[in-house]
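Line by line, the protein sequences give chains U, Y and L.
The opening position of the first sequence corresponds to residue 63 in the working numbering, with each subsequent residue numbered one higher.
The opening position of the second sequence corresponds to residue 109 in the working numbering, with each subsequent residue numbered one higher.
The opening position of the third sequence corresponds to residue 4 in the working numbering, with each subsequent residue numbered one higher.
Careful, some of the hints might be misleading.
Derived PhoX-like pairs (lysine-lysine); straight-line CA-CA distance at most 20 angstroms [unchecked claim]:
id : chain 1 : residue 1 : chain 2 : residue 2
1  : L       : K215      : L       : K26
2  : U       : K122      : Y       : K245
3  : U       : K132      : U       : K144
4  : U       : K162      : Y       : K374
5  : U       : K144      : U       : K122
6  : Y       : K245      : U       : K162
7  : U       : K122      : Y       : K243
None of these hints come from the bench; they were simulated from the model.
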Amino acid sequence: MMNNLLDVENLWVKFPNRNGVFDAVRGVSFTLGRERLGIVGESGSGKSMTGRAILRLIRKPGIVEADHIKLDGVDLLGKTEKEMRAVRGQRISMVMQDPKFSLNPVITIGDQIIEAYRLHNSASKADAYRKSVEMLEAVSINDPERVMRAYPHEMSGGMGQRIMIAMMLIPNPEILIADEPTSALDVSVQRQVLDIMDKLVKERGMGLIFISHDLNLVADFCDRVLIMYAGRVVEVCDAKNLHEAKHPYTRGLLNSLPRLDEPSKRLEVLQRDPEWSKAPSVSGRV
Amino acid sequence: MRAPLLSRLWSILKPVLSTLASIAITLLGLLFVTFIIGRIMPIDPVLSIVGERASKETYDAVYLQMGLDKPLLMQFLYYLWDVIHLDFGTSLLTSRPVADDIARVFPATLELATIGIIFGIVLGVPLGVLAAVNKGKWIDQIARVIALVGYSMPIFWLGLIGLLIFYGILGWVGGPGRVGIFYVDVVPSVTGLILVDALLDGNWDVFKSAFSHIVLPASLLGYYSLAYISRMTRSFMLEQLSAEYVTTARVKGMSEWDVVWKHAFKNIRVQLITVIALSYAGLLEGSVLTEIIFSWPGIGSYITTALLSADMNAVMGGTVVVGLIFILLNIFSDLLYKIFDPRAK
Amino acid sequence: MSDTQTLREWLLTETPTSRRHAKISAFYQGWLTLRSNTMAMIGLGILVLMLFVAAAAPLLAPHDPFVQDLGNRLAPLGTEGHVFGTDSLGRDILSRLIYGSRITLYIVALVALIAPIAGLLVGTVSGYVGGWTDAVLMRITDIFLAFPRLILALAFVAALGAGIENAVLAISLTAWPPYARISRAETLTIRSSDYISAIQLQGAGAFRIITKHIWPLCISSLIVRVTLDMAGIILAAAGLGFLGLGAQPPSPEWGAMISEGRRFILDYWWVATVPGLAIFTVSLAFNLLGDGLRDVLDPKAGE
């Protein structure tokens, strides 16, 4: 228990619409230590909503309900919006899918990083600038001084995402939520970005929630995996044992992917069972 | 080394040249349409100069002198030549060169339009932002009603009602015209803007009188631009607020106020400038009806009066100047666009 | 599918059985959205009422709108037999308002037909043909946009002579460029889509593609724009009438009525106020409805 940074119990995200209430996330529970926790699922499975609900970033009319979302034993749901702002960025941060959209197009990269730092540290501008340059170097940006002056549209996708990581890690948070951080990138730079992120997270002893639709990537990269389907966690397992997963959905996903070590003539098509979305959520708590 | 330099020079010059070319073509078209309107007017331009009782000889002499025997294209070229020299002919009504007339009436419109647009920006932009941030809440509804009423109100009628209430009944503001009759031509005209001239002269009485006269028509125009500006601001802001970088700013732990003003608002500046330039152009073009209701001696009422008395030179001159203003403001907003949006470089 | 399905269920189905079913269902859902918008329904109600009033004008009007009664001129509001009083020639203002609604509807309907169609023609041809045609047509559009609208309309009415039909022409002349811009933009996106290439490969000519495949797709964005422009058309027509360049006396056009009343505004305020309120009500109704329609037909713009 002492090692748990984050403890989520029975999390629901609901969106009222004309035909009633749509439950995007249904009773998800898990804990996060200083580890890399993967959340896998197809689009619409509620994995991104889970990430955003932790930061309480679900906008109205969406509703977040949970027994608790505890960060170091303190329930985030009990915090005021102002107290929440001290959590965001400084303690829990998030990297989003596409740097083309997640960086502000009309503000220089330098100003955006400096801003992230100064929001939580009372540093002088010069100090913040120096710190930002160091951070850019830490994410392997070659010419940080020039990048500081540049605008986001002048960057490639891979650079943009490394900048995003730098910006999100500069206040030194304890938890990083990475929401499909490499899906919008060229395959050639995906690995590089992941390695940089991994290195920084390890060095700082952070907890990482890695949200992705890519089963192989998650199996490769994470310690533990939650598999989500229709807003529920259907299976929890250690990443290294993923190929022994039991739930038919996970099995179906695995069998629909080609494997070098076990080639098959014909890949299976995933057959869905409506029962999956009705069964209660599996707990990912340790 | 020569070729890259030339091609770089060309890459800088090309957009400038193409902008200039499109301005020139638009202007030419504007002049042409004005010219055609002038020609299809059922008014004999010679008769309106020589008068009904002129002899046949005088009539023919003037006819030739005006080049009316030449083909239409030649006439148009003559007209162009004159316009390039800022010669719009002489007004029949005032018997003065049209260019002088315009220089005299334009400051009145400029003064009115500027105060109006300031009113519209100062109230409209924050209202639009507030409405977007609080979408669906009561402040959004109020903003919506304010805008819809503005879009639906006949301006000349609202002006009349305003005069009736604030001038006729309450006596809070000055009536029609730019200043009270005792203050006409009291201060020397330096800029043509009475408020400024009065300040330069240090004449507070004139200033007060001018202010009490301008406040009603200017707030009227301001209300109309407010309706438009606030609506556009709202829809621009809604678009930005749903953008991903706004979430990034929230993830950083920014306050909602900073998210809105430091991040989202910076992204709508460019679009907003275009909208403001457009509505300013609309006001500068002489809000004909407002100027008539308030007997405001601006370019709108000048053109209208000229139209109604078949003073073609004045109409054509006024229309060209007004069209020119519109084109210039468009270029100006394009320029600002290039300054404020790093992606436009 | 089952026989027990109600009409409502049939209309709201998420699995339509035919193309027409899907269309009707989409239409019904749009209507539901519109109906839940109180403001839009108020606007629609006012417009339906106005249509009725215009149609039944001879039955509803208590007096002949043209009969003068100089002995009873400028009678105040609530005078017996003249709810809204009388004007400077003793004519019943209410009756004139009722007959005036016909003129307003007439102008709006004509402009709403002429301007969008002209714009659609110019825009689609310009967008589809491209090249020089596009450049020339768009330049012309720009030139018309550069003119101050009311002054252009004024100039044309002055050139052609005052009257309702010329006012309609003049307003249409200033109103078409935005429609041309919209349809050109739509055409450009449609033109490059795959199904147009498919039709071209089947041998369809430009005329057929424009009329059968591009026009139908431009229409919904034009409809929204027209509804939102209606109020502007009414105001422009009233402005021309106010300046004496629209409908000519003794015709009971609302703008002209305000102009008449203007002379007595300080002492007999209702003569100018009442027709102004009528203009305001009708254009507000169009704006309310247009706002609601935009939310239904073009949800993104209505955001």
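How the hints compare with the structure:
Annotation: proposed proximity of L/K215 to L/K26 holds, straight-line Cα distance about 18 angstroms (limit 20 angstroms). As the CA atoms of U/K122 and Y/K245 are separated by approximately 12 angstroms, the hinted pair is consistent with the 20 angstroms bound. With a C-alpha separation of about 17 angstroms, the suggested pairing of U/K132 with U/K144 holds against the 20 angstroms cut-off. Straight-line distance between C-alpha atoms of U/K162 and Y/K374 comes to about 17 angstroms, which keeps the hinted pair within the 20 angstroms bound.
At most 20 angstroms may separate the alpha-carbon atoms for a hinted pair to count; U/K144 and U/K122 meet this at roughly 17 angstroms. Between Y/K245 and U/K162, the direct Cα distance comes to roughly 31 angstroms. Violation of the 20 angstroms bound is thereby established for this hinted pair. A distance of roughly 10 angstroms separates the Cα atoms of U/K122 and Y/K243; the hinted pair therefore holds under the 20 angstroms criterion.
Hint 6 alone, counting from the list given before, is not met by this structure.
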